[in-house]
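Student: Spelled out from the first residue to the last, the chains are:
Number of protein chains: 4
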Amino acid sequence: MTEPPHDPQALAQACAEAMFQDDHASQALGVTLERIAPGAARVSMVVTANMVNGHGLCHGGYIFTLADCAFAYACNSYNERTVAREGAITFLRPAHLGERLIAEAGERVRAGRSGIYDVRVMRQDGGVIAEFRGHSRQIGQRFFPAEPRSG
Amino acid sequence: MTEPPHDPQALAQACAEAMFQDDHASQALGVTLERIAPGAARVSMVVTANMVNGHGLCHGGYIFTLADCAFAYACNSYNERTVAREGAITFLRPAHLGERLIAEAGERVRAGRSGIYDVRVMRQDGGVIAEFRGHSRQIGQRFFPAEPRSG
Amino acid sequence: MTEPPHDPQALAQACAEAMFQDDHASQALGVTLERIAPGAARVSMVVTANMVNGHGLCHGGYIFTLADCAFAYACNSYNERTVAREGAITFLRPAHLGERLIAEAGERVRAGRSGIYDVRVMRQDGGVIAEFRGHSRQIGQRFFPAEPRSG
Amino acid sequence: MTEPPHDPQALAQACAEAMFQDDHASQALGVTLERIAPGAARVSMVVTANMVNGHGLCHGGYIFTLADCAFAYACNSYNERTVAREGAITFLRPAHLGERLIAEAGERVRAGRSGIYDVRVMRQDGGVIAEFRGHSRQIGQRFFPAEPRSG
Chain A
5 MTEPPHDPQA LAQACAEAMF QDDHASQALG VTLERIAPGA ARVSMVVTAN MVNGHGLCHG
65 GYIFTLADCA FAYACNSYNE RTVAREGAIT FLRPAHLGER LIAEAGERVR AGRSGIYDVR
125 VMRQDGGVIA EFRGHSRQIG QRFFPAEPRS G
Chain B
5 MTEPPHDPQA LAQACAEAMF QDDHASQALG VTLERIAPGA ARVSMVVTAN MVNGHGLCHG
65 GYIFTLADCA FAYACNSYNE RTVAREGAIT FLRPAHLGER LIAEAGERVR AGRSGIYDVR
125 VMRQDGGVIA EFRGHSRQIG QRFFPAEPRS G
Chain C
5 MTEPPHDPQA LAQACAEAMF QDDHASQALG VTLERIAPGA ARVSMVVTAN MVNGHGLCHG
65 GYIFTLADCA FAYACNSYNE RTVAREGAIT FLRPAHLGER LIAEAGERVR AGRSGIYDVR
125 VMRQDGGVIA EFRGHSRQIG QRFFPAEPRS G
Chain D
5 MTEPPHDPQA LAQACAEAMF QDDHASQALG VTLERIAPGA ARVSMVVTAN MVNGHGLCHG
65 GYIFTLADCA FAYACNSYNE RTVAREGAIT FLRPAHLGER LIAEAGERVR AGRSGIYDVR
125 VMRQDGGVIA EFRGHSRQIG QRFFPAEPRS G
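Protein chains in written order, with this note's numbering: chain A, 5 to 155; chain B, 5 to 155; chain C, 5 to 155; chain D, 5 to 155.
Fair warning: there could be bad hints in the mix.
[As the list claims (entries may be wrong)] Sample of chain C residues with no beta-carbon within 10 Å of chain D, all distances over it, derived:
| # | residue |
| --- | --- |
| 1 | E21 |
| 2 | T36 |
| 3 | A44 |
| 4 | L70 |
| 5 | E90 |
| 6 | E103 |
| 7 | G116 |
| 8 | G130 |
[Said to hold, decoys possible] Computed spacing ranges between beta-carbons, pair by pair:
| # | chain 1 | residue 1 | chain 2 | residue 2 | range |
| --- | --- | --- | --- | --- | --- |
| 9 | B | L101 | C | I143 | 34 to 42 Å |
| 10 | A | P149 | B | A115 | 50 to 58 Å |
| 11 | A | Q145 | B | R127 | 23 to 31 Å |
Calculated from the structure, these hints are not laboratory results.
Note that CB positions come from ideal geometry on N, CA and C, so glycine has one too.
Okay, chain A solo, but in the shape it has when bound (with noise of 0.2 Å):
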């Protein structure tokens, strides 16, 4: 129905925000996105309560998940609809309950209908919690028309 944008940073944003409306998932974790770019996304969220084990540290589950965001919404900024096939994360040092967590996501490469993302995962004063892969797989569908209207 709409035509797509076609500045590459504004087809990134409108694919994310076309994205985040149906990602109940992230909405319910308080994910908020705090960039997008065609093949980056910045993406944060507070570790809460229900994140955490007995001693207060996030479980590895909700770093993973957080990571997995950024990800999907660097990946899908393309106009291209875009799923993981695979995630691999290192994790370095413990989160905590009530910190923010920030995760970056840059494109390593693209090949074909394949694709390469890395993410890190911070803390606001930037201490790296962990280290994400992403490989991702176009399925051949589009957030917009590929061919735009005329008139």
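With chain A held as given, fit chains B, C and D onto it using these hints.
Tutor: Structure of chains B, C and D alone, referenced to chain A:
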């Protein structure tokens, strides 16, 4: 305070119970411990509305989280507190709202303080949703005192 | 030209023989095919002077290469030409000059054209040197014509 | 015996030279050290007949080996002997007989004794053959005495 069980199976169950008590994250997700054994664990979870996107598909982060739970209970079954150093997951098929997912973890190898565990995430009909490999590391603490009290 | 064997085990062996004939790299390394079965393979290799550093320890690249060989023969055992898309290896113990290393590959899962195979690299006494996980993809070609000639 | 250079760049080069002298495996493969810097390395190698299959395509094991070399020189550039704990490679395009392959390693993160390094393997025209991620661990030994001799 409590003497650890001598039997490896009873010890594995005691470790799992001690861990689950503090594991608010798994409790909040509705994770059920279905089976615990030395180096092995089976857990399950129902995909809820908060875990899905607009198409009713489970967010990959929750599939990872369930696999990570199975991994955690499997590698903490020897009365040695053990943390996840890394996890890598391959997504094979989507999971849907309302499905019960099962994650079954087994030990691949232990060497020194490190271990490798493989987890399969399945639907109840056995269809494979994802395959996960986790790397663990013992941190030098125990759930129960190592030397049982005499008398 | 040749009709493919009907028996899965015979087919696996025929595929391995066809593949090994062209596999100059494995031949040059002195790799021996010890066992082939559908989805499984066992290969071995002696660590030579050209594979080691100054301390007589085998370069990790050759340990990966041996694991990758076992993976390749295992995933090519169904008369479907299959390539490695990824491989991940964890090094657990060093291997030394003169040791015969054994790599044993088994199938973890197949889904569509993709597969996951796990390989253990061992010394002859069974000590684990490394654990490898490979991701494969069928490329839509066969070793032998799919439809056997009648008569 | 020898005093280590104070300058990080000179130290990185001195470590690389000390390491390469003993690295029979890399020498036998014809690996060239093209550039060394703190946390970074660039190496290259020509694909020879012994590295290929019958179709003239380079065995994935040799592509991994070249990436692993770049990784090793990058992570050993701080006068701390460091070993590979893991390596994961994604194969994106084939490499052919006679091509010179270049592997460029950079540091992603260091935390305590552990590090993560990313390596891109390219053709000379910059086409990406593979992406590699390596995990390293310092073993508590040095190439040069830590405390330089006074006077």
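Student: Does each hint hold? Answer for all of them.
Tutor: We went through each hint and held it up to the structure:
Interface exclusion of C/E21 from chain D stands, the closest Cβ pair being 13 Å apart, more than 10 Å. Against the 10 Å criterion, C/T36 stays outside the reach of chain D, whose nearest CB is about 16 Å from its own CB. With a cut of 10 Å on Cβ distances, C/A44 stays outside the contact zone with chain D, its closest approach being about 19 Å. Its closest Cβ contact with chain D, about 8 Å, brings C/L70 to no more than 10 Å, contrary to its assignment away from the interface.
Distance to chain D contradicts C/E90 as a non-interface residue, since its nearest Cβ pair spans about 5 Å, not more than 10 Å. With a cut of 10 Å on Cβ distances, C/E103 stays outside the contact zone with chain D, its closest approach being about 15 Å. The Cβ of C/G116 sits about 19 Å from the closest Cβ of chain D, beyond the 10 Å cut-off, so the non-interface label holds. With a minimum CB-CB distance of about 22 Å to chain D, C/G130 clears the 10 Å threshold, and the non-interface call stands.
Separated by about 35 Å at the C-beta atoms, B/L101 and C/I143 satisfy the suggested range of 34 to 42 Å. Taking the beta carbon of each, A/P149 and B/A115 are about 54 Å apart, inside 50 to 58 Å as hinted. In this structure the supplied range 23 to 31 Å holds for A/Q145 paired with B/R127, their Cβ-Cβ distance being about 24 Å.
Checked against the numbered hints above, the structure breaks hints 4, 5 and satisfies the rest.
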